[in-house]
Amino acid sequence: MEKKNSNPISKFVGYLTSNPIVLLLLIATIIMCFTVNNFFSWGNFGNLASNTAVRFLIALGVSGCLITKGTDLSAGRQVGFAACLAGILCQRGDYANRVFKAIPEMNIGLVLIIVIIAGALWGIINGLIITRLHVPPFIATLGTQTIIYGLCLVLTDAQPIGGFQKIYTSLITGRIGSVRSFNIPYLLIVAVVFGLLFWFMYNHTTHGKYMYAIGGNEVAAEVSGVNTTRSLASIYTIAGIMYAFAGYLLAAKSGGASASMGMGYELEAIAGCTIGGVSTTGGIGTVSGILVGVLVFELLKIILQFLGVNPYYNYVVQGVVIVVAVALDIRKYIKKK
Amino acid sequence: MSEYLLEMRDVSKSFPGVKALNHVQLKLRPGKVHALMGENGAGKSTLMKCMFGIYKMDEGQIYIDGQPAVIKDPMDALRQGIAMVHQELQPIPARTIGENIFLGRYPMKKYLGFIPAVDHKKMYEDTAALLKKVRMNFDPKEKVGNLSVSQMQSVEIAKAVSANCRVLILDEPTSSLTDNEVEALFRIVDDLTAEGVAVVYISHKMDEILRIADEVTIMRDGQYIGTWPANELTTDSIITKMVGRELTNLYPEKHNVPGEVVFKVENFTSINPRSFRNVSFELRKGEILGVGGLVGAQRTELMEGLFGTRSHTTGKITYKGKELKISRPKDAIDQGIAMLTEDRRGSGIMGVLSVADNVAIASLNHYLSFGDAIDGKKVQAVVNEMIQKMEIKTPSQKTQIQSLSGGNQQKVLVGRWLANNPDVLILDEPTRGIDVGAKYEIYCIIEQLAREGKSIIMISSEMGELIGMSDRIMVMCDGRVTGFVDRSEATQENIMALAAQFE
Numbered sequence: 001m002e003k004k005n006s007n008p009i010s011k012f013v014g015y016l017t018s019n020p021i022v023l024l025l026l027i028a029t030i031i032m033c034f035t036v037n038n039f040f041s042w043g044n045f046g047n048l049a050s051n052t053a054v055r056f057l058i059a060l061g062v063s064g065c066l067i068t069k070g071t072d073l074s075a076g077r078q079v080g081f082a083a084c085l086a087g088i089l090c091q092r093g094d095y096a097n098r099v100f101k102a103i104p105e106m107n108i109g110l111v112l113i114i115v116i117i118a119g120a121l122w123g124i125i126n127g128l129i130i131t132r133l134h135v136p137p138f139i140a141t142l143g144t145q146t147i148i149y150g151l152c153l154v155l156t157d158a159q160p161i162g163g164f165q166k167i168y169t170s171l172i173t174g175r176i177g178s179v180r181s182f183n184i185p186y187l188l189i190v191a192v193v194f195g196l197l198f199w200f201m202y203n204h205t206t207h208g209k210y211m212y213a214i215g216g217n218e219v220a221a222e223v224s225g226v227n228t229t230r231s232l233a234s235i236y237t238i239a240g241i242m243y244a245f246a247g248y249l250l251a252a253k254s255g256g257a258s259a260s261m262g263m264g265y266e267l268e269a270i271a272g273c274t275i276g277g278v279s280t281t282g283g284i285g286t287v288s289g290i291l292v293g294v295l296v297f298e299l300l301k302i303i304l305q306f307l308g309v310n311p312y313y314n315y316v317v318q319g320v321v322i323v324v325a326v327a328l329d330i331r332k333y334i335k336k337k
Numbered sequence: 001m002s003e004y005l006l007e008m009r010d011v012s013k014s015f016p017g018v019k020a021l022n023h024v025q026l027k028l029r030p031g032k033v034h035a036l037m038g039e040n041g042a043g044k045s046t047l048m049k050c051m052f053g054i055y056k057m058d059e060g061q062i063y064i065d066g067q068p069a070v071i072k073d074p075m076d077a078l079r080q081g082i083a084m085v086h087q088e089l090q091p092i093p094a095r096t097i098g099e100n101i102f103l104g105r106y107p108m109k110k111y112l113g114f115i116p117a118v119d120h121k122k123m124y125e126d127t128a129a130l131l132k133k134v135r136m137n138f139d140p141k142e143k144v145g146n147l148s149v150s151q152m153q154s155v156e157i158a159k160a161v162s163a164n165c166r167v168l169i170l171d172e173p174t175s176s177l178t179d180n181e182v183e184a185l186f187r188i189v190d191d192l193t194a195e196g197v198a199v200v201y202i203s204h205k206m207d208e209i210l211r212i213a214d215e216v217t218i219m220r221d222g223q224y225i226g227t228w229p230a231n232e233l234t235t236d237s238i239i240t241k242m243v244g245r246e247l248t249n250l251y252p253e254k255h256n257v258p259g260e261v262v263f264k265v266e267n268f269t270s271i272n273p274r275s276f277r278n279v280s281f282e283l284r285k286g287e288i289l290g291v292g293g294l295v296g297a298q299r300t301e302l303m304e305g306l307f308g309t310r311s312h313t314t315g316k317i318t319y320k321g322k323e324l325k326i327s328r329p330k331d332a333i334d335q336g337i338a339m340l341t342e343d344r345r346g347s348g349i350m351g352v353l354s355v356a357d358n359v360a361i362a363s364l365n366h367y368l369s370f371g372d373a374i375d376g377k378k379v380q381a382v383v384n385e386m387i388q389k390m391e392i393k394t395p396s397q398k399t400q401i402q403s404l405s406g407g408n409q410q411k412v413l414v415g416r417w418l419a420n421n422p423d424v425l426i427l428d429e430p431t432r433g434i435d436v437g438a439k440y441e442i443y444c445i446i447e448q449l450a451r452e453g454k455s456i457i458m459i460s461s462e463m464g465e466l467i468g469m470s471d472r473i474m475v476m477c478d479g480r481v482t483g484f485v486d487r488s489e490a491t492q493e494n495i496m497a498l499a500a501q502f503e
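The listed protein sequences correspond, in order, to chains A and B.
All letters in the first sequence, in the order written, are residues 1 to 337 by my numbering.
All letters in the second sequence, in the order written, are residues 1 to 503 by my numbering.
Be careful, since some hints might not be right.
Said to hold, decoys possible - Computed list of lysine-lysine pairs in BS3-like fashion (alpha-carbon distance at most 25 Å, straight line):
{"#": "1", "chain 1": "B", "residue 1": "Lys-398", "chain 2": "A", "residue 2": "Lys-11"}
{"#": "2", "chain 1": "B", "residue 1": "Lys-122", "chain 2": "B", "residue 2": "Lys-133"}
{"#": "3", "chain 1": "B", "residue 1": "Lys-19", "chain 2": "B", "residue 2": "Lys-32"}
{"#": "4", "chain 1": "B", "residue 1": "Lys-27", "chain 2": "B", "residue 2": "Lys-56"}
{"#": "5", "chain 1": "A", "residue 1": "Lys-69", "chain 2": "B", "residue 2": "Lys-330"}
{"#": "6", "chain 1": "B", "residue 1": "Lys-32", "chain 2": "B", "residue 2": "Lys-49"}
{"#": "7", "chain 1": "A", "residue 1": "Lys-69", "chain 2": "B", "residue 2": "Lys-378"}
{"#": "8", "chain 1": "B", "residue 1": "Lys-72", "chain 2": "B", "residue 2": "Lys-56"}
{"#": "9", "chain 1": "B", "residue 1": "Lys-109", "chain 2": "B", "residue 2": "Lys-121"}
Said to hold, decoys possible - Just a sample of chain A residues kept apart from chain B, beta carbon distances all over 12 Å, derived:
{"#": "10", "residue": "Ser-50"}
{"#": "11", "residue": "Asp-94"}
{"#": "12", "residue": "Ala-96"}
{"#": "13", "residue": "Val-99"}
{"#": "14", "residue": "Leu-110"}
{"#": "15", "residue": "Ile-116"}
{"#": "16", "residue": "Ile-124"}
{"#": "17", "residue": "Ile-167"}
{"#": "18", "residue": "Ser-170"}
{"#": "19", "residue": "Val-219"}
{"#": "20", "residue": "Thr-229"}
{"#": "21", "residue": "Ser-279"}
{"#": "22", "residue": "Ile-284"}
{"#": "23", "residue": "Ile-322"}
To be verified - Covered, in the sense of this in silico footprint (three residues per stretch, anywhere, with C-beta under 8 Å from a C-beta of chain A), are these stretches of chain B:
{"#": "24", "segment": "331–343"}
{"#": "25", "segment": "354–364"}
{"#": "26", "segment": "373–386"}
No wet-lab data here; the hints were simulated from the structure.
All C-beta atoms in this analysis are idealised placements derived from N, C-alpha and C, irrespective of residue type, glycine included.
Starting from the given sequences, assemble the full structure and let the hints guide the process.
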C-alpha cells in the first residue's frame, strides 16, 4: 500500500530535481502565497488562468513546428492578424467608427469560423513554402511574419479597433459558477479543452505519431512510409488555426485590437515550449510539459508584478530564465552521452 | 638511414565486438607507389586512419626514417609529412581554392605593424604555384564549388603537397573519375614519386593497381596477408589472396523453396548518369537474391531507386503481373515492399522515440480504431509479438531505441517492416555493425521469412554472407549488373571477378 503511494510522489520529486527552474518557481509561489496579501486569491487565480490560457493555445500551435525541428516566427503576427480581423468583424452595428460600414453586424460564431479559415490559410502558406519550396522554417516564417504584419496594417489602416458587440467581450469576462468569489473563466475551459485535444492528437493519432517520427529522424520517417510533406504542411496549418483561435480570444479579452497585438508572442511561446522540455533537437515534447513551461512564464510575471519590480526588469528576468532553463536541460542531455 | 620512409609494425586495433586490425604491417619506400588492397571491411581504411592519427592504435609502432614516431592527431600527421586525400572529399564549396588549401594555417601579415591579418596576396601566389605543380590551370580565387569532383581532388592533393608531405595517402581516388581524369591523376602521382614522395594507393580497380603500383600489400579480415612486387601479381592472383578464406558454418540451413517470379525489374536507370543503369532482374517468391559488389557499385542507390527514395529516368517495375508506379517510399510500402536501410542511424532509427514507436511507424494504418485515432492495445500486441519473435532485448516497449545495442536496434527495424507484413523485403547490409551472435539470429529470421514465401533482396558486402544465405547472387559493378551467379556455382573468386569488371 505504501509503495503504491510513494510511487507518484517519488516521481514528482524526481521531476522537480531534474527541472530546477520549476522547483524554484514552485517555492517562490508558495512563499508568495504566505507572505504577500492577495497573491493567493481567486481574482489573481482567474487573472493567471486567463493569461496562461491564451499563451498556452499559441504554444500548443508552435509546439508541432518545434517537435519537427522547425519553428514558427510568424505566430505572433498571425495572432495579431486574427485579433484585428475578429475585432473588425465583431464591431457593433451602431458603432460610429466601423471599419467595414457596408457589412451588417455579424454573428460572432460566424466570425470565429472566418478567422479560423484565415488562420488555416496562413498555416497552409507557411507549410507549402517549407515543404514545396524547401525554404528553412526559420526563414520561411520570418518572411511570412513580415508579410502578415504588413497586411494587418493595411487592413486596420494602423488604427485601433474598438466597439465590439457585448456578446463577444462577454465570452471572456464570463465565468462559470459564482460561489462567493470562486468562478471559472471561460478561457480556462477553452484552454483545457484544447489541451486535452492536443494530448489526444499527440499521443493517440497517426498525425501525432508521424510528427514525433519526423522530429526523431525525418529521413527514417519518409522511408517508413510517412508522407512528410503532408504531415509537415498539416502541422503548420494546425498551428495557424491555433493562433487564429488565440487571436480571436485575445481581442475579446482586451476589448480592442490593433496591428501590434501579440507582438513577440512567438518568442514567448517558443521559450515556454523549450522550458517545458520540448527538445530543440526534435522528437521530444509533451502537452503537459508545454503547459508547465507557459505557466512558469506567467507565474514569473505575476510574482515580479506583486513584488513591485520595475516592469522593465521583467524582460531581463525572463531572458535569464530562458537561457538558464535551456542550459540546464541541455546539460542533462550532454551528461547522458 | 632505413630503406623505408615509413613503417607500421605489428599494428592492432579493436572496436567493440570487432578486431579491425590484427598485427598488420606496412612498409613504404620513398618514391614508390604502394597499393593497399582487400575486400570491403578488410581494415584498409582503419589502418590508414591509424597512420593519419584519426584512430589510436591498441598495439604497434610507427617508424619514420627508421626512428620510432608518435602521431597524435591529423594535425600532427601533417606536421610529420603525412597527408591523406579522403574517400569523401570535404571541401568548403563557397570558399576559394586558396582558402581551402590554406584553411587553418593561413599565411599572416601585420597591418600597420601590429594588426594581424590574413596575407591574401601571399596565399594566392602560393596557391598558384601549387596548382601548377598538380597540373591544374585554374584561378586560385575560383570557388571550389564550381570545380568538378576530379578538380576538387587535385585541390586536395595540392593541399597535401603544400604541407610538404612525404607520404600521401589516396583512398579510392578514382571511384568517381572519368578515364581522362584518371590519367591526369596518374601524371600527378608520377610527378610526386619522382620527388621521392611515398604514395599509398587504395583502390579496388585491378588494372589501375597493376599499372601504377610498385608494391602491393593485401589485407583480409583485419589480417596482414603479405606484400608483393606488383609485377609478380596478376588480377587472378590478387583476387585469390584477397578472398582466400575458409567459410565457416555461420549460416542456418536453408529450407526455403523459390517459387514463381513475383517481382520484375526491367531496364532500370538512374537520373544520375554515374549511378545505376540498365538494370534488369527477376525475383521469385520465397527466394533470397543476394546483391554483391564493391563499394561504389551503386547497389544501395539501385534499391533506393526501386523503393522510391531516388529518382529514375527509365525502367519498369512489375509486381505480381501489374506495373508499379513508385514516386515515394509510401507508394512502395503500400504495395507490400519493405526496405531495411544500411544506414541505421541516418535513415533507420528514430533515436529519441521508444521501441514501440519505432516498430509501429510503418504500419500505423493497421491499428486505427476510428478516424485517425490509434488503438494503443493493438500496437502493444504487435510490438510484443515482434519483441518475442525476434528476441529483442529491451527493458520495455517504452525504452528509447538509442539505448539498445546495434543488433537489437536492427531487430527493431526488421520488426518495423514485418509488422507491415510485406511480400518483398529489401535488406541492405542487414548485419552491418552487429556482433556475431546477433548476426546468426538475423540470418535465421531471413531464412524463416523466405520459407514463409516472402521474397528477399539482400545487399551484402560480406562474401561469406552472400554465399551462405543467397539462392542467387546478382553482382554489380559501377552501376551495371555484371552477372548472376547461382548458389551452386558461387565462389568468392567468381563473384569478385564480376564485381571488379570495370568498363
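Original post:
Given the proposed pairing of Lys-69(A) with Lys-330(B), does the C-alpha separation stay at or below 25 Å?
Top reply: holds (22 Å)
Original post:
With d taken as the least Cβ-Cβ distance between Val-219(A) and chain B, does d exceed 12 Å?
Top reply: violated (4 Å)
Original post:
Taking the minimum C-beta separation from Asp-94(A) to chain B, is that value above 12 Å?
Top reply: holds (44 Å)
**OP:** Confirm or reject the statement that Thr-229(A) sits farther than 12 Å, beta carbon to beta carbon, from all of chain B.
**Re:** For Thr-229(A), whose nearest Cβ neighbour in chain B is about 9 Å away, the distance does not exceed 12 Å, so it is violated.
Original post:
Can we confirm that no CB of chain B comes within 12 Å of the CB of Ile-116(A)?
Top reply: holds (19 Å)
**OP:** Please work out if Lys-69(A) and Lys-378(B) have their alpha carbons no farther apart than 25 Å.
**Re:** At roughly 29 Å apart (the allowed maximum being 25 Å), Lys-378(B) and Lys-69(A) break the hint.
Original post:
Once the closest CB in chain B is found, is it more than 12 Å from Ile-322(A)?
Top reply: holds (22 Å)
Original post:
Does the alpha-carbon distance linking Lys-398(B) and Lys-11(A) stay inside the 25 Å limit?
Top reply: holds (17 Å)
Original post:
Are 3 or more residues of the segment 373–386 of chain B near chain A, judged by a Cβ distance of less than 8 Å?
Top reply: holds (count 3)
**OP:** Say whether it holds or is violated: Ile-124(A) keeps its Cβ farther than 12 Å from all Cβ of chain B.
**Re:** Non-interface label on Ile-124(A) holds, nearest chain B Cβ at 19 Å vs cutoff 12 Å.
**OP:** Quick one: work out the minimum CB distance from Ser-50(A) to chain B and report holds if it exceeds 12 Å, violated otherwise.
**Re:** holds (31 Å)
Subject >> Distance restraint between Lys-72(B) and Lys-56(B), which requires alpha-carbon spacing of 25 Å or less >> reply: OK: Lys-72(B) and Lys-56(B) at ~8 Å, within 25 Å.
Going through the hint list in order, the structure does not satisfy hints 3, 7, 19, 20, 21 and 22.
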